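*Asks:* Each chain, letter by letter, is given below.
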Amino acid sequence: MILLIILLLPIVTGLFLLLLKNPATARIIALCSSIANLLITLGLISTVPSPSYSVNWNHFMGTQFSLGFDGISLIMLLLTNLLFPFIILSGFTRAHIKIPVLNFLILFTQSALIGVFLAQNAFLFYIFWELTLIPVYFILLLWGGENRKAITLKFFIYTLSGSLFLLFGIIYLFTLTPGMHTTDFSAFNQLHIPAATQTWLFWVLFVAFAIKMPVFPFHTWQPSTYTMASKQGVMILAGVLTKMGIYGALRFLFPIVPQGVLYWQNTVITLCLIGVIYASVIAFRQTNIKRLIAFSSMAHISLMAAAMFILNYYSIQGLLFQVISHGVTIVALFYVVHLIQERTGTLELPQMGGLKHVAPNLAILLLIIVLGSIALPLTAGFVGEFLIIAGLAKFSIWFAFLGGTTMILGAIYMLYAYQRIMLGDNNPTLIRVKDIRTLDFFILIPLITLILILGIYPQPIFNLVEESVKTMQNLLPVNEVVTLLTR
Amino acid sequence: MVALISSIAWLVPAFPLLGFLITGLAKNRLKNNQAGIIASTLVSFSFITALFLFFSLRSSGQDSVTVTLFNWISAGDLNIPFAFLIDHLSITMMLIVTGVGALIHIYSIGYMHDDERVSSFFAQMNLFTFSMLLLVMGANYLILFIGWEGVGFCSYLLIGFWFKNPAFNYAARKAFVMNRIGDLGFILGIILVFFTFKSVSFTEIFSQAGALQAGAPMITLITILLLVGAVGKSAQIPLYTWLPDAMAGPTPVSALIHAATMVTAGIYMIARSSILYNLAPITLNIMIGLGLATAIFAAVIGLRQNDIKKVLAYSTVSQLGYMFLALGLGAYSSAVFHLTTHAFFKALLFLGAGSIIHAMGGEQDIRKMGGLRKKMPITYLTFLAATLAISGIPPFSGFFSKDLILTKAFENNPLLYILALGGALITCFYMFRLLYLVFFGSQRLSSAHPHESPRVMTIPLIILSVLSVFGGFLNIPELFGGKSDLGEFLHSAITSKVTEELSSSTEIGLIISSLALLGLIILMAYRTYVKRAVLPAADSESLSLFGKVVANKFYIDEVYTLLLEKPFGFLSDFFFNTIEKAVLDPAVDGIGTATSRLGNLVRKLQAGNMSFYLFAMVGGILLFIIFILIV
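Protein chains in written order, with our numbering: chain A, 5 to 491; chain B, 25 to 655.
Just so you know, these hints were derived from the structure itself, not from any lab.
Nothing here was measured: the structure is a model prediction, and the numbers come from that model.
There may be inaccurate statements among the hints.
Across the chosen pairs, the derived CB separations fall in these ranges [said to hold, decoys possible]:
hint	chain 1	residue 1	chain 2	residue 2	range
1	A	TYR461	B	VAL26	45 to 55 angstroms
2	A	TYR461	B	LEU35	38 to 48 angstroms
3	B	PHE594	A	LEU43	44 to 54 angstroms
4	B	GLY386	A	ILE449	55 to 65 angstroms
5	A	PRO432	B	MET548	47 to 57 angstroms
The list that follows gives simulated cross-link-like pairs (lysine-lysine, DSSO-like), each with its CA atoms no further than 27 angstroms apart [to be verified]:
hint	chain 1	residue 1	chain 2	residue 2
6	B	LYS577	B	LYS392
7	B	LYS188	B	LYS334
8	B	LYS399	B	LYS334
9	A	LYS438	B	LYS51
10	B	LYS555	B	LYS572
11	A	LYS102	A	LYS235
12	A	LYS438	B	LYS188
13	B	LYS572	B	LYS590
14	B	LYS398	B	LYS334
15	B	LYS521	B	LYS334
16	B	LYS555	B	LYS399
17	B	LYS188	B	LYS55
18	A	LYS235	B	LYS188
19	B	LYS605	A	LYS158
20	A	LYS153	B	LYS605
21	B	LYS222	A	LYS474
22	B	LYS55	A	LYS438
23	B	LYS188	B	LYS51
24	B	LYS577	B	LYS590
25	A	LYS235	A	LYS153
26	B	LYS507	B	LYS521
C-beta atoms are modelled at their ideal positions from N, C-alpha and C, and glycine is treated no differently.
Full structure from sequences and hints, please.
*Replies:* Shown next, in the form of structure tokens:
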């Protein structure tokens, strides 16, 4: 029952918002709803009877409407419900057009995402997976920036075509199930698919997730979409939607086509590591700050994807930790970028500089977020990246080296961007600019506190996923293919 | 006693952390010297606590105490407690960091008096002290790494403290990035340590290390990776170029971070890992080569520098090279001894330089100084003491620590001794060149009105000069009737390689000949810069080819720009403009266009008709449901 509440509360509130005329009331109700959902989630996490838990309703639309969770779903659920209050709160600025509609779409996205993370069968998963696309499509189209029509269309077609492969894969798996066919994950996980089939089925299932994350070379929709998206749009995309790809891959690939994973493991990890370096190198010369951060986010996600395909204890722990850490950091980062845009009127780095003179507090907050992004110890980013690099090293020291270059490259482009925005001589065009307001404090201080607390005391997250990680790491037939040099 | 140590050890880093929070959060409310007084007081408290720990540890009869605060990371086999190791090595470092640190904080009250962001300055200095204490107190490699990255970040902040100047900001980023290159090696080394020993805690690793075979590939790889980290942090070839640029920061920063403490972190880390390094003869030889090359190379560059802080910066690089040489020779405690005396005299030199720059109204070019001896007697006398110490003149502190390294070099190979001695002679020359140009002759810049610095600055100078003069007595060798106290004290924490001792007659012979050469060098410098009053050529004037190359620091910065920075930018453009824009994007669009053409053909529908896609999606889901219902 509680899962149904978590799932439906946002969308029901959202529908109610459509009846409202007063925009101020609408966003307060939206905020209250998202906070309530966060509190329920926290309550759920603290009282979990067992790490895995499932509720079934009667047959519904020909398949079971069944929700449930394990540690991995919980992490995703926590991330979603943690970030949405901040995403909604960030809309409490000067009047947007159609605030009730916007908040309806945001809450719609939240419900759809929760559905993805709680679905216990592939059919339900697919419905929610596609449902997320509809509100996000309209958020991008209606509130986006320059050239939004063409870019949104590309985003839409790109992700949709990936999903079609997934749909085909699900139907194929469905036909393989014995007796009364089913799309339950539990049944899919029992299938013993021939290795030869797994090698092609892997790609059929993986493409949709690879596009969503995105993994090199399926990423080309991402930089332009992020750059064009509105403040709340990009926060949703980068903070949560990318994690859908990771979640889907964890759900579908490793339990269902383990031999396919094993067959393609080195190829995919290589692609991911190419993505890490490729995106980091590109980020260095970007002049548009949003595009720079888009490539930076791609680099971080690629490292997480590499960790996923290494699939050992440390890499999965690091990956799941990084899911939270990256989500919090990137949302804070994009929020600050929009504050900077509001103050300077531009996103172009060459036109910036000297903002620290007039907005010293904003400069300090941005610097802390940058530190989280470049994984300085005692920020959340370090804990996740350290475990991921340790996981890579267990597999191959060279992979660890390649993945670890993000430590250097990240410092290069992030500190460069920070310098271009904040430092330098007084900028005469910024004289009237104000430092951060109360609202910004309410958004940034909790997010930054989280970045620091998770860096100093990461243990609760580890404990949350411990069981699931142990299950995950045993999924591949041969886990550690390459070991270290012997003593 | 042990219980007492456990219960108060955390105070040592907590004081500066508190100072950081107070001066950082209340920076707009603090007036005049308040921030400086708060920051200095808290670092002094830290020093007093460290002193108390030192005596408690001595009387407890134990070699080390591990203090665990809480579990930081615990995932599977990986257990990383947030713990401190209080032993003879860490307590030595704690006393240096807090002692020299407190003096530099006090000095800064005077030096930074007129700066508008003085509260920020002290906040960052306190944060640095906190990080540095984590570094030296950490009981495992990861706590050490927290401090390691923390000091790197504070160094970034303080180099770029005057952030209006883009060149300073560039220097700050350069320092951070070059440190990070080393840190990647370091973190990989730590990870391999963990997989090899199933632990990252020093005591556990070192107790297991005995079972390993010397020269095993794994141990060689680990020690090399850790060395890469140390090379970045301690500014050795090829990652040294950030340190001279780091002089962009305020001078007390150069004294604290880029001379006395942070840059010696690499030496500390390797001395801490002495047991591992003893098992890796290849790595030790690499360190001898790197250390010696850096010591001589940087000293040669120092000969032609005319910026007072740049001379001292190259001198620091060179002295760190000597410490690496000592480490490579397996004489880890000698390296720590030189680290200690160097902390005294180099901090003193930098603070003296700060006093001079202060008096000269910001001028740093030694060609424009001169004749300051009479105007600034305290600065002169203390600077003289430090110069004698760094040159290795007995009985000043540098003599004892440098002589120990030279002796160890001779024991290993007389050729090493000759090279190391050559470097020491160059050191002596550039230091006396500096001293004579600044304090002797006549004042060359008429616009400046030099004056002695206020007492808040001169008192730290006097205390440091006392330490620079007598610091060597911490470790008087048996040759002079001492008992090598510091070496003995560190013995429980550091396992130095046992070498064949030289006979005392050889040792005395070496000392006498080197002293004669040093005397000659000082005389040479005196004749050139005082008697003949030669002024180094102006930048525009033509030098000999070699002189030009040296004056331009062997063009290493230019080479790095050409070989690394430029190609990196080019690669970035190539990836974005060619691969991204001209290959991947068109490929995807091409597939899209081809598909939509096909769609056109079959369905006679327009590409990009959104309602069709929505229809197709919902229709697909419906078909799927019907399919389920039927089957």
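*Asks:* Taking only the CA atoms, is the gap from B/LYS188 to B/LYS51 under or equal to 27 angstroms?
*Replies:* holds (20 angstroms)
*Asks:* Regarding B/GLY386 and A/ILE449, is the given constraint of 55 to 65 angstroms on their beta-carbon distance met?
*Replies:* Hint violated: Cβ distance 39 angstroms, outside 55 to 65 angstroms.
*Asks:* Are the Cα atoms of B/LYS555 and B/LYS399 separated by 27 angstroms or less?
*Replies:* With a Cα-Cα distance of about 20 angstroms, the restraint between B/LYS555 and B/LYS399 holds, given a limit of 27 angstroms.
*Asks:* A/PRO432 and B/MET548, beta-carbon distance inside 47 to 57 angstroms?
*Replies:* holds (54 angstroms)
*Asks:* Would you mind confirming whether the straight-line C-alpha gap from B/LYS521 to B/LYS334 stays at or under 27 angstroms?
*Replies:* Since the Cα atoms of B/LYS521 and B/LYS334 sit roughly 35 angstroms apart, the hinted pair is violated (cutoff 27 angstroms).
*Asks:* Does B/LYS392 lie within 27 angstroms of B/LYS577 when you go C-alpha to C-alpha?
*Replies:* holds (21 angstroms)
*Asks:* If you check the beta carbons of B/PHE594 and A/LEU43, does the distance land in 44 to 54 angstroms?
*Replies:* holds (52 angstroms)
*Asks:* Between A/LYS438 and B/LYS188, does the CA-CA distance stay at or below 27 angstroms?
*Replies:* holds (19 angstroms)
*Asks:* Can the restraint linking B/LYS188 and B/LYS334 be considered satisfied, given a maximum Cα separation of 27 angstroms?
*Replies:* With Cα atoms ~21 angstroms apart, B/LYS188 and B/LYS334 stay inside 27 angstroms; holds.
*Asks:* Checking one constraint from the list: CA of A/LYS153 to CA of B/LYS605, max 27 angstroms. Satisfied?
*Replies:* Holds: A/LYS153 and B/LYS605 sit about 19 angstroms apart, inside 27 angstroms.
*Asks:* Is the hinted pair B/LYS55 and A/LYS438 satisfied, with a Cα-Cα distance of at most 27 angstroms?
*Replies:* holds (24 angstroms)
*Asks:* Would you mind confirming whether the straight-line C-alpha gap from A/LYS235 to A/LYS153 stays at or under 27 angstroms?
*Replies:* holds (17 angstroms)
Hint check: violations occur at hints 1, 2, 4, 15, 18; the rest are consistent with the structure.
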